[in-house]
Structures are given as structure tokens and as C-alpha cells.
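Heads up: the sequence lines are chains A and B, in that order.
My numbering puts the first residue of the first sequence at 1, with every later residue one more than the last.
My numbering puts the first residue of the second sequence at 1, with every later residue one more than the last.
The set of hints was computed from the structure by calculation and includes no laboratory data.
Note that CB positions come from ideal geometry on N, CA and C, so glycine has one too.
Incorrect hints may have been included.
DMTMM-like, lysine to aspartate or glutamate: derived pairs with alpha carbons at most 20 Å apart [as the list claims (entries may be wrong)]: (1) A:Lys48 with A:Asp12; (2) A:Lys242 with A:Glu205; (3) B:Lys48 with A:Asp141; (4) A:Lys48 with B:Asp141; (5) B:Lys63 with B:Glu44; (6) B:Lys182 with B:Glu219.
Examples of chain A residues lying across from chain B (beta carbon under 10 Å, computed) [stated by the list, open to error]: (7) Ser65; (8) Val262; (9) Ile324; (10) Arg326.
2 protein chains.
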Amino acid sequence: MKRPKSRVTSFDVAALARVSQSAVSRAFTPGSSIAEETKSKVIEAARKLNYVPNFIASSLTTKRSNIIALILGNLANPFYVHVLDAFSRRLQEQGRQVLTFTVEPGAESDDAIMRVLRYQVDGVILTAAQLSTRMIGICHDRGIPIVLFNRYIPGSDASGVRCDNSAGGRLMAEAFLRAGAKSFAMITGDPRGTTSQDRVRGFVERLLEAGVRRGDIEEASGHSSYDGGVEAALRLFGDGSKPRPDALFGINDIMAMGAMDVLRHRLGLRIPEDMMLAGFDGIPEAGRLPYQLTSVSQPIDLMVDETLAILHLDEPPRPIERGIDRPICGSLIWRATIPGPRVLE
Amino acid sequence: MKRPKSRVTSFDVAALARVSQSAVSRAFTPGSSIAEETKSKVIEAARKLNYVPNFIASSLTTKRSNIIALILGNLANPFYVHVLDAFSRRLQEQGRQVLTFTVEPGAESDDAIMRVLRYQVDGVILTAAQLSTRMIGICHDRGIPIVLFNRYIPGSDASGVRCDNSAGGRLMAEAFLRAGAKSFAMITGDPRGTTSQDRVRGFVERLLEAGVRRGDIEEASGHSSYDGGVEAALRLFGDGSKPRPDALFGINDIMAMGAMDVLRHRLGLRIPEDMMLAGFDGIPEAGRLPYQLTSVSQPIDLMVDETLAILHLDEPPRPIERGIDRPICGSLIWRATIPGPRVLE
């Protein structure tokens with residue numbers, strides 16, 4: 001076995017590139033100011049010498065590790081795979097990397113945050129539904145910026161970026177009503193998550209305004225996964241004991257896709273002729289040929305940009321921005337699962 | 001704005017728990033030996049004090065950061081989402097985390113590895129097709145274990161874990177032949193990746209043995225994504241100028257799913273009556289009701305275990321294990337897209 005070679009240092013690179021050592025440091029620091037020509041010289045010298053800066057060692061003095069923690073609750077929902085992909089690419093362009101943490105549906109949220117704190121991360125992006133307000137306090141006390149993605153915590157001063165889920169739910173109720181639907185069912189997600197709560201609230205509010213009674217809106221939880229959507233649809237409609245509603249709202253696309261497959265392939269229903277259907281999120285998977293699901297799209301790229309802006313990664317440490325909660329409007333994607341005119345006034 | 005509070009140290013935790021400081025350290029070190037009762041005392045004291053060990057600071061002395069780099073080429077293929085999920089969960093159980101790196105299809109592989117080396121990772125798991133042998137040398141020289149997942153580099157001494165892709169390709173050819181197929185087409189993946197090459201080789205070899213001529217096997221590349229599978233199927237069959245083959249082999253499930261949707265919903269074909277179809281990987285998505293795709297399953301959990309075993313994360317630094325390449329057998333999952341008897345001799 002070869003012994004590890006003695007490592008090349010930034011001094012060696014500076015000497016070969018004929019620049020200062022500080023220039024070498026700046027060439028490898030995301031967001032720092034350096035002339036393009038100087039940077040090229042450094043990169044070329046570093047390549048020749050196989051030099052790689054050690055972000056971990058330098059983080060002890062700079063207090064920047066260039067690592068961002070992304071806490072994921074549910075990769076069974078492709079929406080979060082697209083979110084991971086978008087954050088990964090955007091942060092990599094900036095010279096940063098994503099440290100992923102997955103939280104099991106039933107897991108203690110405090111444990112997840114404690115695990116995150118072991119790694120001196122520059123910021124935390126939280127997409128999981130479970131998180132205690134206490135833990136946000138701990139992050140804030142330690143000066144670690146944290147942004148809630150696609151959720152918020154009522155009464156907390158944590159900043160968040162999300163789609164206006166309640167408005168999206170209203171939009172979908174409106175679309176069903178215009179298409180002539182009179183009876184309704186919902187497949188809901190995690191009841192502890194504001195995302196599911198808000199979509200349900202907006203949807204139901206609009207239906208109540210139209211004279212539908214709350215008790216007449218059937219619902220089942222689908223745990224925000226394809227299989228959960230399948231099971232919820234079977235619980236709702238599998239035994240055929242009750243009259244089928246005109247319209248079904250899956251509060252996210254992946255559950256609506258599971259429900260759709262059951263309605264067609266198990267229960268022999270036509271969509272939208274026998275039942276209208278809609279989802280939420282606008283994931284590309286729901287636009288595939290067998291689905292063509294009408295949905296509300298979440299603008300992931302915009303939401304990612306907003307999240308990174310709140311983290312202020314390129315600036316010197318500064319007071320954490322608290323209490324930011326700017327809901328971004330989603331837009332209706334008309335596809336094939338709601339019939340009729342495709343305009344809402 | 002509150003100033004960050006002065007941080008609690010391991011001394012404070014040791015004092016409260018009435019244990020030695022070394023016990024506190026061991027309680028937070030994955031794989032270290034400590035009595036369950038002592039560990040509980042430490043964890044309880046740490047909770048009370050909001051103490052969190054800093055893996056990054058301690059990594060400078062222990063040379064362990066508890067960070068494993070996972071280099072992903074393609075999240076557009078759900079197989080790799082399942083791989084990420086499996087590594088994340090398994091490593092988290094051990095007290096470690098995954099630092100994800102995504103490599104764009106056309107990107108320089110050296111850049112990716114140089115980015116990885118900036119973070120003092122304990123090991124590298126590489127799932128992307130692109131990687132130069134030179135970079136494996138650099139990892140080895142620095143004492144960083146690297147394992148290729150689901151691929152290998154011919155002529156290199158890098159260790160890898162993979163499914164026996166060539167045997168799987170043969171298995172699928174055999175299944176088509178037994179079902180009476182006489183003419184064949186393939187949708188291939190990244191031509192630089194050994195995974196696609198080996199599946200194609202095994203498939204074609206078996207067909208040649210059965211008297212099929214190589215020139216009669218149509219093929220198109222589908223870039224290992226759903227959309228790529230859609231486009232490849234349209235290129236192969238869209239204009240109807242050539243006679244359709246009896247059987248189509250998508251060398252991974254996600255491309256086979258794209259092709260299947262085009263064959264049915266654009267070209268009006270019945271599967272398997274008008275064309276048989278098969279994929280590879282055994283992703284759960286391909287077993288959903290509209291697809292019911294016959295496939296070869298890759299045993300992800302077993303492959304993840306093997307990969308972690310080669311990395312030797314729980315042991316003191318040791319010579320890197322080189323040249324390990326143990327292909328694991330995949331198994332045929334019979335579903336609805338190949339007709340006939342479901343046994344191969």
C-alpha cells in the first residue's frame with residue numbers, strides 16, 4: 001500500500017501561479033471578489049499540483065463550511081426529489097454542497113436537528129413536516145440561519161418560503177365547481193403539516209361558499225405517497241357502498257396519481273367522465289401520458305432562489321432574518337382530468 | 001438580535017452525567033464501544049444542556065468527519081433516488097450523513113472529484129457514469145476509500161459493487177425468446193457507462209446464439225430518463241416506416257416506462273399483444289398498475305450493505321481495499337409485459 005503523499009499547500013499553488021496566498025484563498029471561496037485572470041492562474045496551478053483546498057479545516061477560522069443541510073421528510077413524493085435536485089445544482093454552482101438528512105415520518109424532530117448541529121453547517125433548509133419550535137430557537141441561538149421550505153410554523157418567528165397553498169386549494173375548488181361538480185372528496189397528506197392543512201382549508205372554504213356542507217366532503221389520508229394514494233382511494237371508493245362524488249382532490253400529485261390508477265384499473269372508472277380529479281405541485285410525473293393530471297404548479301426554481309436569498313450565504317455573518325413568510329402564487333395547469341372551459345374569471 | 005450563547009462543552013456534559021469526558025466522546029462516535037447505561041446518561045445530560053458534539057472540529061484530530069460523499073449522475077432515474085434513500089437511512093443509523101454531489105451528464109468528472117476532496121469525507125460512493133481513472137488514483141493517494149456503485153472501470157483497481165448486468169441482459173433475452181419473440185429492439189442508456197454496455201452485451205449475446213443477426217436488432221439511446229425513453233421510442237417506431245419488432249428491451253425501467261406510454265397512448269399498440277416489453281432495475285414505479293413491467297430487480301439493500309462493508313467506516317484507517325468486483329445476481333420479476341409461461345429452466 002502506498003502511503004498518502006505529503007499534501008500540496010496553498011503556498012505551493014501561490015508560488016507556481018505567481019500570486020499571493022490570499023489570492024489562492026479567494027479563488028476557492030464562493031462569492032469572494034477576485035479578477036478572472038488571477039483566478040484562472042490559480043485554478044491552472046492547482047490542477048497541475050493536484051491541490052484541493054480543505055473547506056473543513058478552513059471552516060474553523062472562516063466559520064464557513066460551505067455545507068448546507070437539507071432536511072427531507074419524504075423522498076416517496078417526487079416533488080421533494082425535484083427540490084433536492086434544484087438545491088443541489090444551485091448550491092453547487094456557488095461552490096457549496098448539500099448535506100442531506102432524512103426524517104422518518106414518525107421520527108423525533110429534535111433528534112434530526114441535533115444531528116444537523118454536529119456538522120458546522122452554514123444554513124439549514126427544512127422541508128419535513130415535523131419540527132419543534134424549540135429547535136428553531138436552538139438554531140437561532142447558535143447563529144445558524146434556518147428556512148422552512150414549503151411550510152411554516154404558526155406563531156413562530158422562523159422564516160419560510162412557500163406556495164400560497166390555501167389560494168391554490170381555492171383555485172382547484174373553483175375549477176371543479178365551474179366544471180359542474182356538486183359532490184366532493186379529498187385525499188389529504190400529513191395532518192401535522194401546514195401544507196396539507198392550508199390546501200384543504202382553501203379548498204373547503206370555497207366549497208362552503210358554494211353551499212356544499214362540510215360533512216358531505218368525504219376524506220381519507222394518503223401519507224403523501226403513491227401507495228398512500230392507492231390505499232386512500234380504496235378506502236373511499238373500494239366497496240362501492242356510498243355514492244361516488246363528482247370530483248376528487250388529491251392534495252398532492254403523487255397521491256392523486258395513485259388514486260387515479262385505482263379508479264381506472266381497479267374500479268373501472270373513466271376520468272374525467274365518471275369522476276373528475278386534480279392534484280397539486282405540478283410535478284412532471286403527473287404530466288405523463290397516462291396521467292395528464294390537472295394540478296397547481298409550485299414554482300420550485302423561484303422558491304429555491306428565495307430560500308437562498310434569506311440564507312445570505314455570500315455575506316458576512318449578520319442577524320438572522322426572522323419572520324419572513326412570503327407566500328408565492330402557484331398557477332393552475334389545465335390538463336385532461338377536469339373537463340370543460342379552461343378559463344377562470 | 002440575541003448573541004449566540006457561549007457553547008456548552010463535553011466537560012459540562014461529563015460533569016452533569018457523572019462520567020468521564022472520554023465516555024461523552026464515545027457516546028457520540030459511531031461504532032465505538034460504550035455501555036448502554038453510560039450512553040443513556042450522556043445522551044440525557046446532553047439533551048438537558050442542549051449539547052451537540054462538533055464532528056467538524058473533532059475531525060481534524062480524529063480524521064473522521066462522519067460525512068460520506070455520494071456522487072449522483074442522474075436523479076431523473078428513480079433507481080438512483082432509491083439508492084440515495086437507502087444510503088441515507090443506513091448511514092444515518094450509524095450516525096453518519098450523506099453529502100450529495102450531482103454530476104451533470106456532460107460535466108467534467110475531475111471537477112466533481114476535486115469538489116469532493118474539499119470536504120474531508122470518510123469515503124466516496126460513486127454512482128455516476130463519468131469518472132477518470134486518474135481521479136481514483138488521487139483518492140487512493142489521499143487515503144480516501146472510494147467504491148463504484150452499479151458500475152466498474154475496466155482495467156482499474158477501484159473496488160465496486162454492482163448487479164451482474166450482463167447475466168441480467170441474457171435473462172431478459174431468454175424470457176423474450178421463450179415467449180416466441182423473433183425480432184428485437186433496444187433502448188440503451190449512457191454509452192460510456194458499463195451498466196448499459198453490459199446489459200446490452202448479455203442481451204445481444206443470447207440473441208446471437210439463437211440465430212438473430214446483430215444488424216437486425218434496432219436500437220436508440222434514451223439517456224436513462226423517462227423523456228429519453230419517450231423520444232427513443234418515437235425515433236424507433238414513430239413513423240411506422242419499418243416493421244415493428246416483437247419485443248423491446250429498455251435497459252432500465254424508467255426508459256421502458258416512457259417507451260410504454262408512447263407505444264400505447266401515441267401509437268395505439270397493445271402490450272404485450274402487439275409488442276412485448278421489458279425493463280431492468282425493478283424500481284417500484286414500474287410495478288404500478290398502468291405499467292406492470294417485467295424487469296430484472298437489483299437488490300439495492302444488499303448492494304448498499306456490500307458498499308459500506310468495503311468502506312470499512314467503523315475501523316481504524318487501513319489499506320484501501322482495491323480491485324473488489326463481486327457482481328450480485330439480479331432476479332427476474334415477471335409481470336404483465338411478457339406473455340406466456342413464467343418459468344425459465
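Status of each hint after checking the structure:
1. As the CA atoms of Lys48 of chain A and Asp12 of chain A are separated by approximately 11 Å, the hinted pair is consistent with the 20 Å bound.
2. A C-alpha spacing of about 24 Å is found between Lys242 of chain A and Glu205 of chain A, which places the hinted pair above 20 Å, so the restraint is violated.
3. Under the criterion of a C-alpha separation no larger than 20 Å, the hint pairing Lys48 of chain B with Asp141 of chain A is consistent with the structure, at around 16 Å.
4. In summary, the hint linking Lys48 of chain A to Asp141 of chain B is supported, as the alpha carbons are separated by about 16 Å, within the 20 Å threshold.
5. Simply put, Lys63 of chain B and Glu44 of chain B have alpha-carbon atoms about 27 Å apart, too far for the 20 Å limit, and the pair is violated.
6. Of the pairs offered as hints, the one joining Lys182 of chain B and Glu219 of chain B holds, with about 15 Å between alpha carbons and a cut-off of 20 Å not exceeded.
7. Interface hint at Ser65 of chain A: satisfied, since its Cβ lies 6 Å from the closest Cβ of chain B, which is below the 10 Å cut-off.
8. Look at Val262 of chain A: its Cβ gets to within about 7 Å of chain B, closer than 10 Å, so that hint holds up.
9. For the restraint placing Ile324 of chain A at the interface with chain B, the shortest Cβ-Cβ distance is roughly 15 Å, beyond the 10 Å limit, so the hint is violated.
10. Hint status for Arg326 of chain A: violated, given a least beta-carbon distance of 21 Å to chain B, over 10 Å.
Checked against the numbered hints given earlier, the structure breaks hints 2, 5, 9 and 10 and satisfies all the rest.
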